[in-house]
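Numbering (the numbering used here), first residue to last: 1 to 227.
These are calculated hints, taken from the structure and not from any lab test. Note that the Cβ used here is the ideal one computed from N, Cα and C, for glycine as well. Some hints could be false.
[Unchecked claim] Here are the computed distance ranges between Cβ atoms for each label pair:
1) V130 <-> A34: 27 to 33 Å
2) G90 <-> L165: 22 to 28 Å
3) L204 <-> G137: 35 to 41 Å
4) F175 <-> S109: 23 to 29 Å
5) W86 <-> A155: 27 to 33 Å
6) L72 <-> T5: 26 to 32 Å
7) L124 <-> L222: 40 to 46 Å
8) F175 <-> T65: 35 to 41 Å
9) T5 <-> A155: 31 to 37 Å
10) G137 <-> M201: 36 to 42 Å
11) R26 <-> L214: 16 to 22 Å
12) F23 <-> W203: 26 to 32 Å
13) C111 <-> L219: 26 to 32 Å
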Amino acid sequence: MTAFTLKMIALTTMLIDHFAHVFGGRLVFALVPAMRTVGRLAFPIFVYFIGEGFRRTANAKKYLTRLGIFALISEIPFDLAINGVWLEFGHQNIFFTLFLGLLAAHIYSTCINNYGRLFILLPLPFAAAVVLQADYGLIGVVLVFTCSIIESRTARLLALAIGGLALYYPMGEIFNAMMLIGYTCALVLLSRYNEEQGPRMKWLFYSFYPLHLLALAGLLVLYESLA
Numbered sequence: 001m002t003a004f005t006l007k008m009i010a011l012t013t014m015l016i017d018h019f020a021h022v023f024g025g026r027l028v029f030a031l032v033p034a035m036r037t038v039g040r041l042a043f044p045i046f047v048y049f050i051g052e053g054f055r056r057t058a059n060a061k062k063y064l065t066r067l068g069i070f071a072l073i074s075e076i077p078f079d080l081a082i083n084g085v086w087l088e089f090g091h092q093n094i095f096f097t098l099f100l101g102l103l104a105a106h107i108y109s110t111c112i113n114n115y116g117r118l119f120i121l122l123p124l125p126f127a128a129a130v131v132l133q134a135d136y137g138l139i140g141v142v143l144v145f146t147c148s149i150i151e152s153r154t155a156r157l158l159a160l161a162i163g164g165l166a167l168y169y170p171m172g173e174i175f176n177a178m179m180l181i182g183y184t185c186a187l188v189l190l191s192r193y194n195e196e197q198g199p200r201m202k203w204l205f206y207s208f209y210p211l212h213l214l215a216l217a218g219l220l221v222l223y224e225s226l227a
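Turn these sequences into a full structure, and let the hints steer you where they fit.
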């Protein structure tokens, strides 16, 4: 499977997950956990390829800036769709998670290659994940960091697997078990990655996130006005 195919799977499953989240109370009850389970494929795929992008980019600062800008752009659409308000500071969108994880990776790689004294800054992105309550929390940021600094594909998949266990502990609960099954399916798909990029549509993958959240928020308003 190419990177493009895997990213399209991530976008599609994310849309399904967010649709279930936004319209969950208005859907057949049995559909919601199934849709949320499908949605768990998105995060590990995004994390894996954000790490790939960081290791391949010629300009890490530009990459970080782009993620930071989209984190800010996406916050109002995220809050409108997920929380039903213009701004809510108790839970931040996934771009903050990706940005903080890559920021930690950039600090780490800078310290390794040039300025060891900057290691004192390394805890800051992880602390920010807790303070800001970024999506997937501290574990999410650690996974982005790990997948950005580890070269071995096997080790990255192993780190994602361990992260899944941590995210959905205790696994004995039915909902967590279902979420872990969806998450694990993403790792199976990633193991089939053939290292080919496929069509390059960078801005589609960036812009889809805020645009689909705005669309879902608009659909919810329209639905409630007609109900």
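Okay, the hints, checked on the actual structure:
no.	hint	result
1	V130 <-> A34: 27 to 33 Å	holds (31 Å)
2	G90 <-> L165: 22 to 28 Å	holds (26 Å)
3	L204 <-> G137: 35 to 41 Å	violated (27 Å)
4	F175 <-> S109: 23 to 29 Å	violated (37 Å)
5	W86 <-> A155: 27 to 33 Å	violated (42 Å)
6	L72 <-> T5: 26 to 32 Å	holds (29 Å)
7	L124 <-> L222: 40 to 46 Å	holds (42 Å)
8	F175 <-> T65: 35 to 41 Å	holds (37 Å)
9	T5 <-> A155: 31 to 37 Å	violated (23 Å)
10	G137 <-> M201: 36 to 42 Å	violated (29 Å)
11	R26 <-> L214: 16 to 22 Å	holds (19 Å)
12	F23 <-> W203: 26 to 32 Å	holds (27 Å)
13	C111 <-> L219: 26 to 32 Å	violated (46 Å)
Hints 3, 4, 5, 9, 10, 13, counting from the list given before, are not met by this structure.
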